[in-house]
Amino acid sequence: MIEVKHLTKKYGNHEAVSDLSFTIEDGQVYGFLGPNGAGKSTTMNIMTGCLAATDGQVTIDGYDIFEDSAKAKALIGYLPEQPPLYMDSTPAEYLDFVARAKGIPAKELKAEVERVMEQTQITEMRDRLIKHLSKGYKQRVGIAQALLGNPKLIILDEPTVGLDPRQIIEIRELIASLGKEHTVVLSSHILSEVQAVCDNIMIISHGKMVAMGTAENLEDIFAGRTTVTLTADAGAEETEAILSVLPEDCGIDVKALETEGAPKCDAVITSSAEDPDAICRQVFFAFAKAGRALLKLGVERASLEDVFIELTGDQAQEAPAEAPDVSAEAQPSETEVDK
Amino acid sequence: MSAIFRHELRSHFHGITAYLFMAFILAFIGIYTSLYCFKAYVTNFEYALGAGCFIFFICIPILTMKAIAEERKQKTDQLLYSLPLSMTKVVLGKYLAMVVIFTIPMLIVSLYPLIIKNYGGVWLPEAYGTLLCFWLMGCAFIAVGMFMSSVTENQAIAAGFCFLVLIINYFLGTFANYVNTSARSSFYAVCVCIVLLAIVWWIVTKNELLAAIVGVVLMAANVGLFKFKSSLFEGFFPTLLEKLSLYERFYVTVDGVLDLTAFVFFITIGGVFLYLTVQSLEKRRYS
Chain D
984 MIEVKHLTKK YGNHEAVSDL SFTIEDGQVY GFLGPNGAGK STTMNIMTGC LAATDGQVTI
1044 DGYDIFEDSA KAKALIGYLP EQPPLYMDST PAEYLDFVAR AKGIPAKELK AEVERVMEQT
1104 QITEMRDRLI KHLSKGYKQR VGIAQALLGN PKLIILDEPT VGLDPRQIIE IRELIASLGK
1164 EHTVVLSSHI LSEVQAVCDN IMIISHGKMV AMGTAENLED IFAGRTTVTL TADAGAEETE
1224 AILSVLPEDC GIDVKALETE GAPKCDAVIT SSAEDPDAIC RQVFFAFAKA GRALLKLGVE
1284 RASLEDVFIE LTGDQAQEAP AEAPDVSAEA QPSETEVDK
Chain G
-11 MSAIFRHELR SHFHGITAYL FMAFILAFIG IYTSLYCFKA YVTNFEYALG AGCFIFFICI
49 PILTMKAIAE ERKQKTDQLL YSLPLSMTKV VLGKYLAMVV IFTIPMLIVS LYPLIIKNYG
109 GVWLPEAYGT LLCFWLMGCA FIAVGMFMSS VTENQAIAAG FCFLVLIINY FLGTFANYVN
169 TSARSSFYAV CVCIVLLAIV WWIVTKNELL AAIVGVVLMA ANVGLFKFKS SLFEGFFPTL
229 LEKLSLYERF YVTVDGVLDL TAFVFFITIG GVFLYLTVQS LEKRRYS
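Sequence lines, in order, name chains D and G. Okay, so the first sequence: first residue is 984 according to the working numbering, each after it adds one. Okay, so the second sequence: first residue is -11 according to the working numbering, each after it adds one.
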């Protein structure tokens, strides 16, 4: 179990992480989600003892990462953002070194190295120089290194960054299988990845935790926001008149469509009503009463993506100077992978 | 620590630097031994070491430049930070690996006096005493070079710094002969040193107030001392330079005096720089 309390990290005057507190329970896969520069790597570096916090405390199973660092670190396997590999050695040599440095007894050393190579499927690459391996294999060697000594906690910083789509899927499968035996914490700026692999999601933006929970939980927070979209066989003004029967707190946005012949228009209704069906019924009967046909009627619930953009976007509004970065960096990368 | 030691030793021999380093030492000590002992028929093997000791400022940087700078550049230092090892163990493991690489050619060199003894009267205790002193001085320099490697992530800069420090050290004794020995000039030299110290303090701690206080207090002490007992300053600065030079202490041994204070001095210098290296690595965590 990892307990993080009031963690703060300042670089000069810039606060990379500010007053972050959370608990990571055993046996689950956690995902840190946030745009680039949100403080994910900094947080992970502090959790693994690679970086000192300006303020706050991190305990791993009750051992403080700085006071009892040897005991705490023995419980963690960490893969930093850039896998820390010695390019001039082979995976077998490298893993042998890390295993010794982790204090694995000489008797079990060989078996342990074999085990992690088997688990990460790098056995056939064992005698090639690491600098000659592909990026996907380098990443696997990095993960193998984290798995040595069978630590309770595996912390992976952006484990799929820079990999091709097939490698991404393979690494995700590997992470999912690790999740069965270990507590896994991974970070990513790619939403679909976190959604696919993690039981629990923590959204971080500008060094602050903006939301935490399961994917469904986070969607539920925004479930109140129902969006109803429709296309009607009526002009914009007429549609607005028809829709005026809806409760006042509904946001209505009507856009006329450019069509030949009879006028048509699109409308988007946002409502905080509990029951989206009620809005649909009202819309349906209002149009029926006016004698106009509904060509399309659809309901959208807030997706995790909306939650992510909304949450990190809110932060962006608070800090306008960095706003363009947040949206510009967070969004294209998602679509990139979704393809 | 043994894991780091094994790994470092292996990686030194993976590359060319360890071989280059050893070849360099053997070649130069070999040249001076043949010049002094075989060509000029001098039976004092220590003279060859005394003449060849300049090789340190060329070959120590080659050995030490990679030590920590490369880890930092390749970001493998992250691994070292995340392993359940203290930085002291990491630094000691790396240091011992380099000391071993330095010791291998020294063991070969240690056969030379025995060979020379076949042809003349070599006074072995003196020869081996000097060899031990030479080895200790080398170990101290390796610690200096390692510290230089820990302050930058650029190998070339690390090597440059190390070369600079070592060559200044080499000529420190010569400088000392040219420095004015009057009390006033020593006083001014100490003033300059205090200002430099305050500036370094400020750069390292980034605390202007503390640096200013340290500077002012030391300066006041200096001025006070000079006012009331200026005789203390006579010849003070040149003596200080000479005392700080590792080479000057080594030459004493070459001249036939087994000076134990030199041994203590070398070990102290080595210890201080190893400590500074550990601190430099720890500081990275807090940056």
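There could be a bad hint or two in this list.
Unchecked claim - DSS-like mimics (lysine-lysine), calculated; alpha carbons at most 25 Å apart, straight line:
id: 1; chain 1: G; residue 1: Lys61; chain 2: D; residue 2: Lys1114
id: 2; chain 1: G; residue 1: Lys231; chain 2: G; residue 2: Lys77
id: 3; chain 1: G; residue 1: Lys61; chain 2: G; residue 2: Lys271
id: 4; chain 1: G; residue 1: Lys231; chain 2: G; residue 2: Lys217
id: 5; chain 1: D; residue 1: Lys1090; chain 2: D; residue 2: Lys1135
id: 6; chain 1: G; residue 1: Lys271; chain 2: D; residue 2: Lys988
id: 7; chain 1: G; residue 1: Lys217; chain 2: D; residue 2: Lys1054
id: 8; chain 1: D; residue 1: Lys1118; chain 2: D; residue 2: Lys988
id: 9; chain 1: G; residue 1: Lys271; chain 2: D; residue 2: Lys1054
id: 10; chain 1: D; residue 1: Lys1118; chain 2: G; residue 2: Lys194
id: 11; chain 1: D; residue 1: Lys1090; chain 2: D; residue 2: Lys1118
id: 12; chain 1: D; residue 1: Lys1090; chain 2: G; residue 2: Lys105
id: 13; chain 1: D; residue 1: Lys993; chain 2: G; residue 2: Lys63
id: 14; chain 1: G; residue 1: Lys63; chain 2: D; residue 2: Lys1118
id: 15; chain 1: G; residue 1: Lys77; chain 2: D; residue 2: Lys1054
id: 16; chain 1: D; residue 1: Lys993; chain 2: G; residue 2: Lys271
id: 17; chain 1: D; residue 1: Lys993; chain 2: G; residue 2: Lys194
id: 18; chain 1: D; residue 1: Lys1114; chain 2: G; residue 2: Lys63
id: 19; chain 1: D; residue 1: Lys1191; chain 2: D; residue 2: Lys993
id: 20; chain 1: G; residue 1: Lys61; chain 2: D; residue 2: Lys993
id: 21; chain 1: G; residue 1: Lys194; chain 2: D; residue 2: Lys1093
What the hints contain is simulated information worked out from the structure, not anything from laboratory work.
**Indices of hints not satisfied (ascending)** = As far as the earlier hints go, 2, 7, 8, 10, 11, 12, 21 are violated by this structure, in ascending order.
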